[in-house]
Structure formats: structure tokens, C-alpha cells
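**Student:** These are the residues of each chain, in order.
2 protein chains.
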Amino acid sequence: MQNKTVSAGVILIGDELLSGRTQDTNLVTIARWLEPLGVQIGEARIVADDAKIISSAVRRFSDQFDYVFTTGGIGPTHDDITADCIASAFGLGISERADAIDALLERYEVSELNTARRRMARIPDGASLIKNPVSQAPGFQTKNVFTLAGVPSIMRGMLPDIEHRIEGGAKVFSRTVTAAGIGEGDAAAQLAEIEKNHVDVSIGSYPFFNAELRGVNFVARGRDEAVLEAAERALKDMVSHLGG
Amino acid sequence: MQNKTVSAGVILIGDELLSGRTQDTNLVTIARWLEPLGVQIGEARIVADDAKIISSAVRRFSDQFDYVFTTGGIGPTHDDITADCIASAFGLGISERADAIDALLERYEVSELNTARRRMARIPDGASLIKNPVSQAPGFQTKNVFTLAGVPSIMRGMLPDIEHRIEGGAKVFSRTVTAAGIGEGDAAAQLAEIEKNHVDVSIGSYPFFNAELRGVNFVARGRDEAVLEAAERALKDMVSHLGG
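Line order of the protein sequences matches chains U and S. Sequential numbering from 424 applies to the first sequence in the numbering used here. Sequential numbering from 424 applies to the second sequence in the numbering used here.
Simulated from the structure, these hints should not be mistaken for lab results. Among the clues, some could well be false.
[What the hints assert, rightly or not] Footprint (simulated), chain U over chain S, 3 or more residues, beta carbon under 8 Å: (1) 460–473; (2) 507–518; (3) 563–572; (4) 649–657.
[What the hints assert, rightly or not] Computed far set for chain U versus chain S, every beta-carbon distance over 12 Å: (5) E439; (6) A480; (7) G514; (8) I517; (9) E519; (10) A539.
[Unchecked claim] Quick list of in silico lysine to any residue cross-link-like pairs, SDA-like style, CA-CA up to 25 Å: (11) S:K554 with S:I517; (12) U:K475 with S:I517; (13) U:K554 with U:I605; (14) S:K475 with U:T428; (15) U:K619 with S:D473; (16) U:K427 with S:E618; (17) U:K427 with U:K659; (18) U:K427 with U:R520; (19) S:K594 with U:E655; (20) U:K659 with S:G443; (21) U:K427 with S:I476; (22) S:K619 with U:K554; (23) U:K475 with S:S478; (24) S:K475 with U:G465; (25) U:K427 with U:K566; (26) U:K475 with S:E618; (27) S:K619 with U:K427; (28) U:K554 with S:F631; (29) S:K619 with U:R541; (30) S:K554 with U:I605; (31) S:K554 with S:A612; (32) S:K659 with U:L536.
For glycine and all other residues, C-beta sits at the position ideal for the given N, C-alpha and C.
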């Protein structure tokens, strides 16, 4: 398992993410949480509250990646359609579940459990629940797809109940070498050379600009720490030769 | 043109967006800039520095949407492959262009224009340049696809040179009604009713939680301001009946 590459796809659901109303932060949260587990995100899609598009993205990502995470669309209102989309993606039935109602009863009085709130207990057949310690309405896992809340604090609260369900792979480590006062273009040729000379290390180069400083962060990523260390030394040598 | 729906797809390119290293902000910037032009984003994809995936996303979005925006991957280093991917997506050649070299010469001395930096002047055949007043290396437009920088300040700097190239549609307006102290589940049934009663208005419901307050923002969006105003009144009535 330690040398296996394990991948994930992320589907961020909600019109508000595409209209500019809401800045997504869930993708970065999930990526950083997955990193120590040895899982890398291969692609993310931000999709509207549209049943056909959501179902088709879920189906495709479920085939393509080891794990899939969806965020958003599991609340009580008419635009919360994710559970139905997951069921339809896999041709499963969906119905109100007693264990999900129990979770809601930790928060709501029986008299508050109206039709809308009961919708949050509709779970695709065969899914297992994901505990929500923040607002109780559960997420759920269907095959390799984890369906999480969209509100960032609630989404984060669900991650601990998933961690033990993930079979991670080889962890990816990264080293960053920051070089002030040099340009990307000065380093480009040597950068490609360093990447070529260090097996399975990928090197990214990220310029920064602010009022006081311009420079570049060179980030080497790879699974073998010894090779990565050698790449880091090569990057540092390059930067000092360039006068950075 | 005023009643037409005009759509856009956005492709955010870069390993750093998927590894959790970098929080994207370009999507929200583009969405907010498009709103007054009457263009709505239909889907966004965040993809790795992978030529096949980038090309196929570009091809697909170019067919599917009126306009496509890509960000990232147009710098001088080996991981900057977007220009080649755009060319290959449309079966176009790509070569160094004199007008793009001219743009680079506004920033660099001839002696600084090494092979790496000259790569930033490689433009797909037939594309028109997009001016970059921040760091000079141009973006470009190929058919309905606008290829922009990934660094947010540079990306923003390119937008003014695109605005006149967009034929917008009917502007979408939005009204937000904030209700403190009520839950989404209390409003859900009436919300669906209000949406049904107001033609072409879509209503989203976004709960918020903080130390002092919980509540919901109800956002009505639509193209007809009179209908939208009626929906807003209905939302306010609903909230006051619910005691919010």
C-alpha cells in the first residue's frame, strides 16, 4: 500500500459558488486533510444545482478516482438535491432512514421535525452515515463517494468520521525553496534539468509580487524523501548561482 | 441580445490548486466581473498540469459554453503548458509571435529574453493577444477561449482588454433577504412555493452560523426586476411570519 498512488476527485456543488456570491474554501481544506493520508486530488469540478450535471460528474469521478468527495446540497430546502443525485448516479433507491432521523433528534424536538427537515434523513439505499457533530444532519458514504455539507465549519466537522475509511497510499512530501529578487525566466532551463535528474519529483514554480518584493517559490513534490532532499539541494544551489 | 442567456465555463489550471498549496480566488473574480456583462458561469473545473486533461476540458467547454476562461500555466517554466494545450485542443499550430515579443520587450532587455522567456511569446495560430499591463507577457484569445495568467493580480489586469470582446446577455439581478434566528427547515416549504410563484426566479438558501448568531440568507436571482422585487417581498413576508 505504501507505494500506491491513491487519488481523489472533488465535486463542489452550488449555484452560489459559480455566481461569485461565495468563495469556496472546502477544496483546500480537503486537499490539506488528504495530504498526510497519502491521497492526492486529481481534479475538482464546481457544478450548479442541476441534477443531471451532478449525477453525471459523480458517476464519472467514481469510476476515475479511488475516492470522491462532494460538498453542498444536503440541507432541507428545495435546492438541496445532492442525495437524490447520488442515488440516481448509482441507480439506487432513496428513503428516510431511522438512524438519520435519530441523528436529527439530537438537535430538533419531534415537533420541529417537519417535512423539510425530514428530507435531511433521506439517504441512498445501502449508504453508511457520516457523523455531523456541528449541526447533526448526517453526511453519507455511497460506494467510494463521500457526501458532505457545504458550510465549511460543518464540512470540517465531518472529516474525523471519514478518516478511518480511507486506505491511503504513498505520502507525497514537498519542499519549498523561496528565492527573492530573481525571475522565473532566469531559472526555467535549470528547473527543467533538476526535475529530469530527480526521478518522480515534480517541480512547480510560483512567482510572487508585492509592494516590497518579487521572487519565486520553487516547490518540489515527491514520495521519496531522500530524492526530494537532493532536489531541494539542487534548487538551493541554482538559486544561489542566480544571485537570489 | 438582452433576453439571451449567455454562459461561460472556467478552467483553473495548476497542480498547486489541487494540492492545497494555493487557494484559488480567480473564479470569484471572473464571476463578479461577468455578472454586470450578463454572463453566467455554468461550470468550473480545476485541473492538474496535464496536457491531455487540459486540452480535453478546453475542447468540451468551448463547445458547451458561449465563452471559456482559462487561468494559469502561461509562464516561462517547464510546467507552463497551457498555450500548447489550447493549440492542440483546436488542432492549431503554435509559434513565437513578433507582437508578443514586442510586449515582452516592454519589460525585459533583449539580453534577458532567454529561451525560457521567449516561450511566453508562443501563441496558437490565429489567436489575438490580450494585453497584460502588470507583467507584460500577454494572454490570448483563441475562438471563444480566453487564456489568462494564474497570478490573481495579473489575471485581473487582463480583464479590461477582454470586456469589449464579450457579447453579453440578459443581466441577472439578485436580492438577498437575511433572516436571523430562524432555521432553513422552517422556511423550506414556503421557499419552494415562492420560487414556483415567481417565473424565472431561482431562490437559494444559505445558512450561516457564528458565535453570536445563526440564520439564513435567502437569495433570489432572476432577469426581470419587477418579478424579482415581488419575490423579495414574498421572502420578507415569510421571514416576518416566521418571527425572524
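**Student:** For every hint, state whether the structure bears it out.
**Tutor:** Status of the hints after comparison with the structure:
Remark: the region 460–473 of chain S is confirmed as covered by chain U, as 10 of its residues place a Cβ nearer than 8 Å to a Cβ of that chain, reaching the required three. For the region 507–518 of chain S, the stated coverage by chain U is violated: 0 residues have a C-beta nearer than 8 Å to a C-beta of that chain, whereas at least 3 were required. Given a C-beta distance limit of less than 8 Å, the hint that chain U covers the region 563–572 of chain S is violated, as 0 residues qualify and 3 are needed. Residues of the region 649–657 of chain S lying with their CB closer than 8 Å to a CB of chain U number 0, which falls below the three-residue condition for coverage.
Here U:E439 does not stay apart from chain S, with its beta-carbon only about 6 Å from theirs, under the 12 Å limit. Taking the minimum C-beta to C-beta distance to chain S, about 9 Å, the non-interface status of U:A480 is violated against the 12 Å cut. For U:G514, the condition that its CB be more than 12 Å from all CB atoms of chain S holds, with the nearest at approximately 24 Å. Even its closest Cβ contact with chain S, about 18 Å, leaves U:I517 beyond 12 Å, as expected for a residue assigned away from the interface.
At roughly 14 Å, the least C-beta separation between U:E519 and chain S is larger than 12 Å, which holds for a residue marked as non-interface. Remark: the non-interface label on U:A539 conflicts with the geometry, its nearest Cβ contact in chain S lying 3 Å away (cut-off 12 Å). Of the pairs offered as hints, the one joining S:K554 and S:I517 holds, with about 19 Å between alpha carbons and a cut-off of 25 Å not exceeded. Proximity of U:K475 to S:I517 is assessed by CA-CA distance (about 37 Å); at most 25 Å being required, the pair is judged violated.
Restraint check for U:K554 and U:I605: not satisfied, since their Cα atoms lie roughly 49 Å apart, outside the 25 Å limit. Between S:K475 and U:T428, the direct Cα distance comes to roughly 19 Å. Compliance with the 25 Å bound is thereby established for this hinted pair. At roughly 17 Å between alpha-carbon atoms, U:K619 and S:D473 fall within 25 Å of each other, so this suggested pair holds. In summary, the hint linking U:K427 to S:E618 is not supported, as the alpha carbons are separated by about 49 Å, beyond the 25 Å threshold.
For the hint pairing U:K427 with U:K659, the CA-to-CA distance comes to about 30 Å; that exceeds 25 Å, so the pair is violated. The suggested pairing of U:K427 with U:R520 is violated, with an alpha-carbon distance near 36 Å, which exceeds 25 Å. Distance check on the hinted pair: S:K594 and U:E655 sit about 51 Å apart at the alpha-carbon level, beyond 25 Å; violated. The hinted pair formed by U:K659 and S:G443 meets the criterion: a straight-line CA distance of about 23 Å does not exceed 25 Å.
For the given pair, U:K427 sits about 22 Å from S:I476 by alpha-carbon distance, which is consistent with the 25 Å threshold. Note on S:K619 and U:K554: the hinted pairing is violated, with a Cα-Cα distance of about 33 Å set against a maximum of 25 Å. Pair hint U:K475 plus S:S478 holds up; C-alpha atoms about 24 Å apart against a cutoff of 25 Å. In summary, the hint linking S:K475 to U:G465 is supported, as the alpha carbons are separated by about 13 Å, within the 25 Å threshold.
A distance of roughly 20 Å separates the Cα atoms of U:K427 and U:K566; the hinted pair therefore holds under the 25 Å criterion. About 20 Å separates the Cα atoms of U:K475 and S:E618, which keeps this hinted pair within 25 Å; it holds. Taking the CA atoms of S:K619 and U:K427, the gap is near 50 Å; set against the 25 Å cutoff, the hint is violated. Proximity of U:K554 to S:F631 is assessed by CA-CA distance (about 20 Å); at most 25 Å being required, the pair is judged to hold.
The hinted pair formed by S:K619 and U:R541 meets the criterion: a straight-line CA distance of about 21 Å does not exceed 25 Å. A hinted pair counts as satisfied when its Cα atoms are at most 25 Å apart, and S:K554 with U:I605 qualifies at roughly 23 Å. For the given pair, S:K554 sits about 50 Å from S:A612 by alpha-carbon distance, which is inconsistent with the 25 Å threshold. Taken as a hint, the S:K659 and U:L536 pair is honoured in the structure, with Cα atoms around 23 Å apart against an allowance of 25 Å.
Hint compliance for this structure: hints 2, 3, 4, 5, 6, 10, 12, 13, 16, 17, 18, 19, 22, 27 and 31 are broken, all remaining hints hold.
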